[in-house]
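There are 2 protein chains.
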Amino acid sequence: MGSKKKDSAAGAPLSELLRLPHGAVDMASLDARATPGYPGKGKEDAPVHTAGLGRRLSDLQEMLYAGGRAAPEVSPRVLVVLQGMDTSGKGGVIRHAIGLVDPQGVDLTSFKAPSEEERKHHYLWRIRNALPRPGQIGIFDRSHYEDVLVVRVESLVPEDVWSTRYDEINEFEAGLVAEGYKLVKCMLNVSFGEQKARLAERLADPTKYWKYNPGDVDARKKWPAYMEAYAAALEKCNTEAAPWFVIPSDRKWYRNWAVAELLRETLAGMGLAWPAADFDVAVEKKRVAQS
Amino acid sequence: MGSKKKDSAAGAPLSELLRLPHGAVDMASLDARATPGYPGKGKEDAPVHTAGLGRRLSDLQEMLYAGGRAAPEVSPRVLVVLQGMDTSGKGGVIRHAIGLVDPQGVDLTSFKAPSEEERKHHYLWRIRNALPRPGQIGIFDRSHYEDVLVVRVESLVPEDVWSTRYDEINEFEAGLVAEGYKLVKCMLNVSFGEQKARLAERLADPTKYWKYNPGDVDARKKWPAYMEAYAAALEKCNTEAAPWFVIPSDRKWYRNWAVAELLRETLAGMGLAWPAADFDVAVEKKRVAQS
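Chains as they are written, first to last, in the numbering used here: chain A, 1 to 291; chain B, 1001 to 1291.
Since the hints were derived computationally from the structure, they do not count as laboratory data. On a predicted model such as this, the values are computed, not experimentally measured, just so you know. Hints should not be assumed to be uniformly reliable.
[Stated by the list, open to error] Listed below are the simulated DSSO-like cross-link pairs for lysine-lysine, each with C-alpha atoms no more than 27 Å apart in a straight line:
{"no.": "1", "chain 1": "B", "residue 1": "1208", "chain 2": "A", "residue 2": "112"}
{"no.": "2", "chain 1": "A", "residue 1": "43", "chain 2": "A", "residue 2": "112"}
{"no.": "3", "chain 1": "B", "residue 1": "1221", "chain 2": "A", "residue 2": "286"}
{"no.": "4", "chain 1": "A", "residue 1": "285", "chain 2": "B", "residue 2": "1211"}
{"no.": "5", "chain 1": "B", "residue 1": "1112", "chain 2": "A", "residue 2": "285"}
{"no.": "6", "chain 1": "A", "residue 1": "182", "chain 2": "B", "residue 2": "1211"}
{"no.": "7", "chain 1": "A", "residue 1": "208", "chain 2": "A", "residue 2": "222"}
{"no.": "8", "chain 1": "A", "residue 1": "285", "chain 2": "B", "residue 2": "1221"}
{"no.": "9", "chain 1": "A", "residue 1": "211", "chain 2": "A", "residue 2": "252"}
{"no.": "10", "chain 1": "B", "residue 1": "1043", "chain 2": "B", "residue 2": "1236"}
{"no.": "11", "chain 1": "A", "residue 1": "196", "chain 2": "B", "residue 2": "1286"}
{"no.": "12", "chain 1": "B", "residue 1": "1196", "chain 2": "B", "residue 2": "1182"}
{"no.": "13", "chain 1": "B", "residue 1": "1211", "chain 2": "B", "residue 2": "1112"}
{"no.": "14", "chain 1": "B", "residue 1": "1112", "chain 2": "A", "residue 2": "208"}
{"no.": "15", "chain 1": "A", "residue 1": "221", "chain 2": "A", "residue 2": "112"}
{"no.": "16", "chain 1": "B", "residue 1": "1221", "chain 2": "A", "residue 2": "208"}
{"no.": "17", "chain 1": "B", "residue 1": "1043", "chain 2": "B", "residue 2": "1112"}
{"no.": "18", "chain 1": "B", "residue 1": "1182", "chain 2": "A", "residue 2": "286"}
{"no.": "19", "chain 1": "B", "residue 1": "1285", "chain 2": "B", "residue 2": "1182"}
{"no.": "20", "chain 1": "A", "residue 1": "222", "chain 2": "B", "residue 2": "1286"}
{"no.": "21", "chain 1": "B", "residue 1": "1208", "chain 2": "B", "residue 2": "1252"}
{"no.": "22", "chain 1": "A", "residue 1": "43", "chain 2": "A", "residue 2": "286"}
{"no.": "23", "chain 1": "B", "residue 1": "1286", "chain 2": "A", "residue 2": "208"}
{"no.": "24", "chain 1": "A", "residue 1": "285", "chain 2": "B", "residue 2": "1252"}
{"no.": "25", "chain 1": "A", "residue 1": "211", "chain 2": "B", "residue 2": "1286"}
{"no.": "26", "chain 1": "A", "residue 1": "236", "chain 2": "A", "residue 2": "221"}
{"no.": "27", "chain 1": "A", "residue 1": "211", "chain 2": "B", "residue 2": "1222"}
[Claimed, not checked] Distance windows between CB atoms, simulated:
{"no.": "28", "chain 1": "A", "residue 1": "118", "chain 2": "B", "residue 2": "1206", "range": "40 to 50 Å"}
{"no.": "29", "chain 1": "B", "residue 1": "1222", "chain 2": "A", "residue 2": "240", "range": "52 to 62 Å"}
{"no.": "30", "chain 1": "B", "residue 1": "1290", "chain 2": "A", "residue 2": "43", "range": "25 to 35 Å"}
{"no.": "31", "chain 1": "B", "residue 1": "1158", "chain 2": "A", "residue 2": "206", "range": "55 to 65 Å"}
Backbone N, C-alpha and C define an ideal beta-carbon position, used for all residues, glycine too.
When you get a sec, could you build the whole thing from the sequences and use the hints?
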């Protein structure tokens, strides 16, 4: 609990190393193969480092959960937002990083193309409905950012509509933070070349056909437009209250470790504590002894 | 995938060893400290055996999930029902056994005392609403069985109401099985003595106060009535379509391993297969290569 030990060999917290600096964003300059802050050698020792993280994450998550049960009104909540191009590994992060945590403490929502019902509402309606309950770690697999990414690239609404959304999203997120949410916005940054290799892998292995969608190649053909949309979303919505983290994701082992470590740092920084007993411990000890 | 290797040293599948025989149930005769089918030595090698299970469970779960995506209408669904007295370890099983599986494939519902809205409906209404989607492993932490357990012991409805529910539950479950659900009903059997030790442990450790509820001692005072209610539920609802498994739960490491292994056997017995491509693989390979 509250261990001071850091997993980062470099000394700086990973949240500082991966935090997107303010200002203009040039996607091409973000190195997708980098491994900043990784405390080990590489792929070969990643399982050991990740397992060690798992134990600490698990303890912190239990404290968050306990707080949510004891005092739901004031309990802090955590929301991890995962965005990234196809094959960047949103699913892999959920399986390998979020999977380290007790499923009872995880509230996962995967946002697909909005349903007919959802389309009748403001685009943030379904997002609000999916916010995690007290003591929970919410995970958004895609999010409201789709409303300035695919929606912008595919012109699903006119520019004068999507262009107002950045400010709206900033306001929405600032509101969440004011309400006690801790946001961890992760952009999983996969390179154009690595995406091609991963799509080819899926087609080379019949156990991976189900992950392949011909539409992914269509989106790939619009890579520059997507990078432009990502750059705008990262730049315009990189606020103090809810900053962006860009996770180099060409190496899966680093990506998974990094998101787990970011989550651990977030929880460790929340000043969590075990809730006090809301009963008389001495009395209850006697009752149990006599039962 | 579909590996024939068994984890059970005794040769017999765990589902046979733990399956409740038909006929009258005497709770006192069910040994809560037994470890039937465990392939290792005991507590010391349980982490290794459980981790091994984790890898196989994970592969099977991914196949189930893939099937749910490819053909939701015909996809089989799995529902694990967890019942047991306080401290029997429903939460521990979810953390340590269900936690082995990708969170994307797990659909967990914890049933508390019914809300005002839920009370307006038939008691199976909220159960139906929580059934897992195609390709998902549903986990019920408590279930419709509370409506013949706490409801019976505490006389929350008259006997002529709860006494009709056993047949109703059997019919409901048979309907689920006919619709393609695979049910794994687990009764976590903790002994009266072990429950006392676990309650005392919670009171001896401030990091566990949040798990302690004075009401648990009240329920403990009604242990014989609860055992009678459990015996009736186990006996009357132990059908061919949806049999009961009784998990000896005084040893946590065995309990967690056993539920994970039961789930693995269930998935392995479902004849799962990777979905075929619903696109032309050769064409797509060319498209990716040219992209």
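Outcome of the hint check:
1. Simply put, residue 1208 of chain B and residue 112 of chain A have alpha-carbon atoms about 39 Å apart, too far for the 27 Å limit, and the pair is violated.
2. Distance hint between residue 43 of chain A and residue 112 of chain A is unfulfilled; the C-alpha atoms sit about 32 Å from each other, more than 27 Å.
3. Under the criterion of a C-alpha separation no larger than 27 Å, the hint pairing residue 1221 of chain B with residue 286 of chain A is consistent with the structure, at around 14 Å.
4. For the proposed pair residue 285 of chain A and residue 1211 of chain B, the alpha carbon gap of about 14 Å is at most 27 Å, so the pair holds.
5. Distance hint between residue 1112 of chain B and residue 285 of chain A is fulfilled; the C-alpha atoms sit about 25 Å from each other, no more than 27 Å.
6. For a cut-off of 27 Å, the pair hint linking residue 182 of chain A to residue 1211 of chain B stands: about 25 Å separates their Cα positions.
7. Our distance criterion of 27 Å between C-alpha atoms is met by residue 208 of chain A and residue 222 of chain A, whose separation comes to about 24 Å.
8. Restraint check: the Cα-Cα separation between residue 285 of chain A and residue 1221 of chain B comes to about 15 Å, which is no more than 27 Å; the hinted pair holds.
9. For the hint linking residue 211 of chain A to residue 252 of chain A, the alpha-carbon distance of about 16 Å falls within 27 Å, and the restraint holds.
10. Annotation: proposed proximity of residue 1043 of chain B to residue 1236 of chain B is violated, straight-line Cα distance about 34 Å (limit 27 Å).
11. Using a Cα cut-off of 27 Å, the hinted pair residue 196 of chain A and residue 1286 of chain B holds, with the two alpha carbons roughly 12 Å apart.
12. Between residue 1196 of chain B and residue 1182 of chain B the CA atoms are separated by roughly 34 Å; this puts the pair beyond 27 Å, and the hint is violated.
13. At roughly 15 Å between alpha-carbon atoms, residue 1211 of chain B and residue 1112 of chain B fall within 27 Å of each other, so this suggested pair holds.
14. Between residue 1112 of chain B and residue 208 of chain A, the direct Cα distance comes to roughly 39 Å. Violation of the 27 Å bound is thereby established for this hinted pair.
15. Restraint check: the Cα-Cα separation between residue 221 of chain A and residue 112 of chain A comes to about 21 Å, which is no more than 27 Å; the hinted pair holds.
16. Distance restraint check for residue 1221 of chain B and residue 208 of chain A: the Cα-Cα separation of roughly 54 Å exceeds the 27 Å cut-off, and the hinted pair is therefore not satisfied.
17. With a C-alpha separation of about 32 Å, the suggested pair residue 1043 of chain B and residue 1112 of chain B falls outside the 27 Å cut-off, and the hint is violated.
18. Simply put, residue 1182 of chain B and residue 286 of chain A have alpha-carbon atoms about 44 Å apart, too far for the 27 Å limit, and the pair is violated.
19. The suggested pairing of residue 1285 of chain B with residue 1182 of chain B is violated, with an alpha-carbon distance near 37 Å, which exceeds 27 Å.
20. The suggested pairing of residue 222 of chain A with residue 1286 of chain B holds, with an alpha-carbon distance near 18 Å, which does not exceed 27 Å.
21. Restraint check for residue 1208 of chain B and residue 1252 of chain B: satisfied, since their Cα atoms lie roughly 16 Å apart, inside the 27 Å limit.
22. In summary, the hint linking residue 43 of chain A to residue 286 of chain A is not supported, as the alpha carbons are separated by about 53 Å, beyond the 27 Å threshold.
23. Restraint check: the Cα-Cα separation between residue 1286 of chain B and residue 208 of chain A comes to about 17 Å, which is no more than 27 Å; the hinted pair holds.
24. Of the pairs offered as hints, the one joining residue 285 of chain A and residue 1252 of chain B holds, with about 23 Å between alpha carbons and a cut-off of 27 Å not exceeded.
25. Proposed proximity of residue 211 of chain A and residue 1286 of chain B is supported: the alpha carbons are some 17 Å apart, at most 27 Å.
26. Taken as a hint, the residue 236 of chain A and residue 221 of chain A pair is honoured in the structure, with Cα atoms around 25 Å apart against an allowance of 27 Å.
27. In summary, the hint linking residue 211 of chain A to residue 1222 of chain B is not supported, as the alpha carbons are separated by about 52 Å, beyond the 27 Å threshold.
28. Remark: the range hint 40 to 50 Å for residue 118 of chain A to residue 1206 of chain B is upheld by a beta-carbon distance near 44 Å.
29. For the hinted restraint 52 to 62 Å between residue 1222 of chain B and residue 240 of chain A, the CB-CB distance of approximately 55 Å keeps it satisfied.
30. Against the hinted window of 25 to 35 Å, the Cβ-Cβ separation of residue 1290 of chain B and residue 43 of chain A comes to about 30 Å, which satisfies the hint.
31. Checked against the hint of 55 to 65 Å, the C-beta distance between residue 1158 of chain B and residue 206 of chain A comes to roughly 58 Å, which is consistent with it.
Of the numbered hints given earlier, the model fails hints 1, 2, 10, 12, 14, 16, 17, 18, 19, 22 and 27; all others are met.
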